[in-house]
Amino acid sequence: MELDFLATVLLSSLSSASILLIATLGLAVVYGLMGVINLAHGEFIMVGAYSALTATQIGLPFLLAIPFAVVTTMIIGAVVELLIIRKLYGRLFDTMLATWGLGMVFNQVAILLFGTVSPGIGMPQWSFKVGDYSLAVYPILMIFVAAVMLAFIYLLMTHTVYGMKARASIQQPQMAQAIGIDSSRVNTMTFAIGSGLAGLAGAILLPIIPATPSMGLFFAVKGFLTVVVAGPVTLTGSALAALGLGGGASVTASFMTSVVGDVFFFLVTAILLWLYPMGISAKWRRKL
Amino acid sequence: MFKIKNATGGYGKTTIIRDVSIHVNAAEIVALLGRNGVGKSTLMRYATGLIKATSGSVEIAGETAPPSPAKRARLGLGYVPQGRFVFPRMSVTENIAVAAASNGFEAKKTVAAILEDFPLLQPKANDLAGGLSGGQQQVLALARALATRPKILLLDEPTEGVQPSIIDEMAGVLKRINEEHKIAILVAEQNLDFCLSISERAYVMEKGTISIETDRDSLRADKELQQELLGV
Amino acid sequence: MFEKLHKNAGLIFPALATIIALALSGTLNPYLAFVATSWVIFGLLGLSLDVIWGRGGLLSLAQTAFYGLGGYFGAVIAINLAPSSGMTLIWALPSAAVFGALIAVALGYVIFYSRMGELQSTILSYTFTLLLWSVTQTFKLDVGEARIGGDNGLSNIPGIILGFGSEAKKLGPNEAFATVVVVTAAVYFFTRWLMRSNFGKIVDCIRIDIEKTELLGYDIRKYQLLNFAYSGAVAGLSGALFALWANYLNPSIFSVQEALLVPIYVLVGGLGTLAGPFLGALIIGGLSFWLGGGAAGGQTTLILGTTLILLVMFLHNGFLGALDTLWKKFLADPNDAARSAGAVKIDTEVLDSILEEAAAQAGPAKNLSTDEAFKRFGGVIPVNKVSLDFASGRPYSLIGPNGAGKSSFLKTCVGIYRPEGGKILLDKDDITKTAIFERVHKGMGVKNQKPQVFGENTVMENLWIAAFARTRDTVQADKTATRILGMLGMEEQKSVQASALSHGQQQWLDIGMVLCLAPRVVLLDEPAAGMTNEETRELSLLVRTLAKHTTVVVVEHDMEFVRTLEGHVTVLHQGEFFAEGDIETLRANDAVLDIYLGRGEHV
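Chains as they are written, first to last, in the numbering used here: chain A, 1 to 288; chain B, 1 to 232; chain C, 1 to 603.
Hints in this document: simulated from the structure, not taken from any laboratory.
Treat the hints with care, as some may be off.
Dumping the calculated DSBU-like pairs for lysine-lysine here, alpha-carbon to alpha-carbon at most 35 Å [as the list claims (entries may be wrong)]:
| no. | chain 1 | residue 1 | chain 2 | residue 2 |
| --- | --- | --- | --- | --- |
| 1 | A | 283 | B | 108 |
| 2 | C | 433 | A | 87 |
| 3 | B | 3 | B | 52 |
| 4 | C | 442 | B | 71 |
| 5 | B | 223 | C | 450 |
| 6 | C | 329 | A | 283 |
| 7 | A | 283 | C | 328 |
| 8 | A | 287 | B | 3 |
| 9 | C | 385 | B | 52 |
| 10 | A | 287 | B | 223 |
| 11 | C | 450 | B | 52 |
| 12 | B | 71 | A | 87 |
Quantities reported herein were computed from a predicted structural model and do not represent experimental measurements.
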């Protein structure tokens, strides 16, 4: 086995893990700061992708289509929180079922509006060479994007008043209210940010993963497992879990088949849950 | 200044406090005494709005308190719960800062001022609150409540599980903030000595109602009441 | 009349539905009969989830895994045996059920014995299904005549054949529908019987309060596992029916959408109702059928999604749950009797006779002792090398200021906390590492600080389940429970739900449950908390009488109560033994007064 092949595998696996992480972060924020498992997360990614696609079709450059997608999904997220999630606080399994229903609705609306297939937007055609192998730039760029998103969320949660309020609200809900935090407003904001992050993922991954109504499902399932494996220290936990599970699955897939990669992902998830019934970060002493 | 009028409430169907009325005057320290399970903590939580009132009302600084705990906090109600409940995965600084910012105060300045007041917390400023000892957490919970600049401070069993040296320090701090900032204090306690050392007036609770209202001197003199109270 | 109908609704209405379905089966449009067969099968799959979720308390997303595996397994058997023997059902169904149960046991063992959290258990079961989904995509295997072809699926599955021999013909859609209805009805009525049997009652208790159920001496994990196995068996069986109905299986049976559809059937119909999932499958299947037929231009998913959201938000217990609530409004409220409760009056003669009888059955009182018991939580040491001995004769009280470690000491004796050092002995028997329920078998009876009663169950059911834990005999348990009920003066309230009782009454009911166990050592954590003065007096009498027959240890704050017990008193302080003696000696002890008063200089 040659060195350039190994480097290629390593880079593309890191890129796969980053793509998984990008798709997962919104879910991690909502679960980590609200305790809500949003099964419609994949559909929010899809909404982001279609928003960006529509924006480019009406002539907006791709770089402007991304913020457009983020704003759209944030608004939808805030409305969903106000109308549905808010009524179901503290009922974990009920929120899961309600958001699943929401996912079905989004999915069907997307089919109605856009049909089941839609044109992709061309990936920027740059590539570079590692030894004998040629790699596309855009997917590798996702490693950088994931790192920037992680840093952004970390700063948002530790260096803003909103971030502190959100963390206080999930850690001691009653005390947070007793010191004057309006938890319901904080939660609306958190859910909007989580949805916005999903929208960002959908938009930024659009050149790699074309928009289809059912595109979110695959990511939502894996993201959802990543977040639960991560446990209470959501951000670091998710980054590590995405790297281990997503990266590991990708490495496995490149040596064997993509099915074996998936099997690796699910099997390791099952083993980790068995070893760490409360998530891998249950005993960590970290902020996020 | 602070009044609880005809409070009746509890958890679910169970009524724990019945028709309780108490008041705390401006800049006064009042003790709420009684054995375990008589409803002291429930009364405190009733006052903060954390449990739903069956009937009765709360008045803070002359205004009728709205049901939302957050709004009560902004009206000037500070609360230090039994068991502390600091935000465990936030640093000491963040615990104080979030309380200040949620009430519209400048976080940085408040944190600096409060750390000045509580030298014990200074070396721990960047540590996670969950890693502090019980006594340190108790001080932090007090500091957090003060960061909301309350007019009335409710303290629920502040000496529970706290080592004696910190208890003494705490008594000193409470007296000082009471004098300097004119903050009224209502403290629920089982530790009689601690109460006698800081408060001038006391209510005694029994089975969900106020049985006696008394002052420091008569409480000190009345050995029988003391025994009765502590069940010794 | 209406009361009786309400009580037997789960029997009468499903029976009616079965009869109607069978009556219609002959005249139904064949295509509708074909489609309706699948609704019945989905209902059966929903039933398997209701058993483990509605009754057992675990939302399992592995039901489609058991269903699919059962389907494949049953299909392989049917394919190989049908050509020679005809009859497909008697081979395929039992083997699929057994296979489903085995898989459920393997998965359940991991979930229950590693004491996984609720969400994690659900996720693990989901992961299991997803794992199968990806594995089966490429899984190729030939078993005799059956060719499992990865994502090409398994085809040529024979239909439902009832006749024997190679000449036997596959049933038409209408006969197949009738056959599936009969099989399903049999499973439903058996499940209903099982869930109302003693096994079902214990499973219900585990869902309501798992800790209390173990404190009554039930091996909870065994029951959870058995219940999961049964649920797996039902799912496997319905999978085999599905395979025979569809004549074809492929890995999409393990897909995410399938896995999540099952909870919807249950929720729409009514969680925990057993009949609900069938109604749910019928409503959703029917809705898709009519809508798919053009009524709403094929917007099935849209309508289903919206329905799901609205159901979760506004109809928490599904259709049957809502119907039940409505119906109950027209019936007399059995909880009315809760308000007319009289005062508890302990009759020492009755109590003595109960306790003597218990001693005759369960043996003499046992001594409880600890030897240097040590427990730590991080930097806190709530139990620091405590060595104490307790025997029968007079009650023992443990007192001490808040945080002295009294409750922790008790929890260590019970087994809720596992000590890091030292020993706990019951007579000469070292029980330091024994499971909680086994300690209860050996004669330990425990009442925790908060009253622990099964709120959804009636007063009588609460006492009965406790008595049954010891006697393992329905008649004996009835007798014991009735006697204790009488002693508590709660005959009028026997049909009241425990959750409707006042705090003090719940305390008494909890104590009554402990008495039903006829324990040889009784541990009571603050039994007088929340009781009135009169009740406290009665409790004191009860504890003193109890101590004549068994070993009694009471943790208490109420010194007045401790004084009336006239027993031996041990003072704990900061996790350690501090002083002991009778209450008068301790009252004279300055050091003891000081730790209570919290005067700094002595600490």
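Here is how each hint holds up against the structure:
no.: 1; hint: A:283 / B:108; in the structure: 30 Å, holds
no.: 2; hint: C:433 / A:87; in the structure: 45 Å, violated
no.: 3; hint: B:3 / B:52; in the structure: 17 Å, holds
no.: 4; hint: C:442 / B:71; in the structure: 55 Å, violated
no.: 5; hint: B:223 / C:450; in the structure: 32 Å, holds
no.: 6; hint: C:329 / A:283; in the structure: 49 Å, violated
no.: 7; hint: A:283 / C:328; in the structure: 47 Å, violated
no.: 8; hint: A:287 / B:3; in the structure: 39 Å, violated
no.: 9; hint: C:385 / B:52; in the structure: 43 Å, violated
no.: 10; hint: A:287 / B:223; in the structure: 50 Å, violated
no.: 11; hint: C:450 / B:52; in the structure: 21 Å, holds
no.: 12; hint: B:71 / A:87; in the structure: 21 Å, holds
Violated hints for the displayed structure, listed by number in ascending order: 2, 4, 6, 7, 8, 9 and 10.
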